[in-house]
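J.: Residues per chain, in single letters:
Protein chains: 2
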Amino acid sequence: IATDDNESLREFVDALMPARVAEFMEGLDARESWRVLEVADPERRVEVFGYFEPEKQTALVHALVGDGDAAAMSGLVADLPADDRVDLLRDVDEHVVDELIPLLPIEDRRETLRLRGFPEGTAGSVMTTEVVCLKENLSVAEALTEISKQALGVETVYYSYVVDDDRRLLGLLSARQLVTHYLNPDQPISELMERDVVTVLAMDDQEAVAETVADYDFLAIPVVDDNRRLLGIITHDDIIDVLRAEATEDALLSAGMAPLESGYLRTHWFTLACNRGVWIGVLFFAALLTAFALLRYEEAFDSVWWLVLFIPLVISSGGNSGSQSATLVIRGLTDGEVSLGDWRRVLRRELLMGLTLGTTLAALGFVSAWVLTRQAPEGHTAPTLVEVAVVPATLLLVVVCGTVCGGLLPLMFQRLGLDPALMSNPFVAGIIDIAGIVIYVTVAMAMIGGLAGG
Amino acid sequence: IATDDNESLREFVDALMPARVAEFMEGLDARESWRVLEVADPERRVEVFGYFEPEKQTALVHALVGDGDAAAMSGLVADLPADDRVDLLRDVDEHVVDELIPLLPIEDRRETLRLRGFPEGTAGSVMTTEVVCLKENLSVAEALTEISKQALGVETVYYSYVVDDDRRLLGLLSARQLVTHYLNPDQPISELMERDVVTVLAMDDQEAVAETVADYDFLAIPVVDDNRRLLGIITHDDIIDVLRAEATEDALLSAGMAPLESGYLRTHWFTLACNRGVWIGVLFFAALLTAFALLRYEEAFDSVWWLVLFIPLVISSGGNSGSQSATLVIRGLTDGEVSLGDWRRVLRRELLMGLTLGTTLAALGFVSAWVLTRQAPEGHTAPTLVEVAVVPATLLLVVVCGTVCGGLLPLMFQRLGLDPALMSNPFVAGIIDIAGIVIYVTVAMAMIGGLAGG
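Chains A and B, in that order, are what the protein sequence lines are. First residue of the first sequence: 1, per the working numbering; consecutive thereafter. First residue of the second sequence: 1, per the working numbering; consecutive thereafter.
So here's chain A without its partners, still in its complex pose (with noise of 0.2 Å):
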């Protein structure tokens, strides 16, 4: 770049793939890589700039925008697939897209302000509509010059459509059924294809896409209206990105964050700084109930002097077990393998976890407690075998509350039409918490004499 050799950059840029020269750039500010890029030819330069991370894309186009050079931009705006466009728009300042969107070729200028309408997070905000479709009545060697004339255009050749003259979906010609019968040229495409396509419509849900398309190896899943018009598909590589989001999100959800934009070390401090503080701060006022529990069981504390030792252990032994749960069945729902038609069998499997995992905790804390209080401070006494077994019995009760809420709490979530990660593990280890202060002191009150009246 110092040396000013379009030459040879344009040689570097054209040599190697598409992703690499986006690696090699990614030092470059915005005003470089535009140098780099504007020496590629066209096509290359939209491949290029489709490897950039969404922050330096963004950044490009307000740098050249911002120089007056929105024209420069557009073009390559309008050449960038259609799906890719919308989110990069989406990206971009309001009076920016303003200024690009009247730029724009009548036909990009409509898709975009079209696909803009679908909500992001549905099949239609992530899906492209630049798609091969053919005619039913086509041989073989018709729909292979038909795809090597469509195929500058579009996302994917790999499959292609098949629709009638209202552009419903009638099947799916894949390009291996079509290279396979690459020596039979005139067999008619209608023999080959699928006609039994599993489709999605522009307003579900794209975790729920993206789990179709894994589920049945699908390079692209096509998305329909109700008529079963071909609005656009999906490609794998939307899925992955989807799949990659979905589960960064469902990370951070379950340690009490909100989802990100971007990266860890990408995002910005303070955006990072807000978004804890807002959960932390929940999520301390929850704790603070413990607070309020403790005070009004104060007088339990005072007299019985070995109790305290045990509230941690009391209070992490039913979050830990909750937190089992809840990740299993939220997982479960996510991964496809639950559904709220099973509370009963989760009922029923966490009730009897919990009373497992319960048994040997309430076993190893009777020893531990046991061993533990004979250590009496002076001017106090140790307590009995039978008031030792507060510990036990309240770490029985504990558990198997952590596990039934662990276990429910995200199935109602679901249910009530929420992300079922929000019931994540510190809510639910918030939850318990109180829960087991409670049963904590109320197994202490039935079981140590003198207390009771607390």
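This list has only true hints and no planted wrong ones.
So, partial list: chain A residues that the calculated Cβ filter (under 8 Å) puts toward chain B: (1) 291; (2) 305; (3) 311; (4) 328.
A short list of chain A residues far from chain B (calculated; beta carbon distances all over 10 Å): (5) 11; (6) 28; (7) 203.
By construction, these hints were calculated from the structure, which means they are not laboratory data. From the three backbone atoms N, C-alpha and C, an ideal C-beta is built for every residue, glycine too.
The hints should help you fit chain B onto chain A, whose structure is shown.
T.: Just chain B now, with coordinates in the frame of chain A:
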């Protein structure tokens, strides 16, 4: 099935897509499923079988071989793609494997034994060896003819690999290039093929391979040996399976569980109880350390009545902020955004974050603690303003400790060659629990007169 009507059964199997047929057969047992598969033609049979759940596949193999029908089963097993065959044989009992392998055709047998040599979790273990290979000197038309001949035996025709006589990889030719140049049948493929091919080694970790493919939007990635000889390819559907499995694995680890072989409801109850029990047990002993810590400081809690109120609050504030940091860093490592070299940036970010979040919670905690301790029960005196300041000071220190530990521990685990997801929320929380209690009491001793001598 009830009516023994083979003809209509076969029609049913042939009319629908294989994935749909497999869905319809979900309710059938192993014997019934075999009845249906038997009437289908061999190609269909293999496809439908490929869509069964792994458990169903295994059950079918066991049932058939158990009934002495190993020959029929070996035919189906031989027709499976090599990678799926190896996966299946991994799940099947050893004596059944020993019965089946000798019945496979010599080529398939060799392949299977070779692939079984790659450890689970490596690129070699998920690759398929059935790939279209082309010589460099072909034209477009010759390549299409060659592909149409090889098409039946391979997993994908969308990427063909150009190799020399030693099977060394020279280039990649996509079906897209071929179809686009369908009207120039004489063009040499050496002009069209991509020479800068991204490859992976057979012993590479499957998760890293999946991230590479996802980053580049590939349909498949070639697996080569140290001499760049083509061993096989990993296709997009395997990549999606790996990504899904890893997401579930990380989620389970982050809730303190070992990864499961299959889903929540499908895993045997006892297996699940053992898995969860072991981890709950480990976490229990970590939590038990808090009881020891509290015992050591018993006197402090005895003489300052209100300290006990805020134990859960202090612990959970540290645990929650630590979980957030750990999850962000673990996801960053998984997505490839964060690397070991970033540890200074992570440290700086988390320190700053801890100070910010800690100050916020300290302010909230100061007010809450003041209000709460005004309700002193009979016979107790409310603490002074300075004494109450123990709570905010502790919160600040605990939150900083949480964010810094949460941010750095996954990096440390990565550095040690362990899965950073192991440094999961409950473990970070467990460490912070103990640190929280120690900090709490130390701060209290420093700030409350008469307690210092402890």
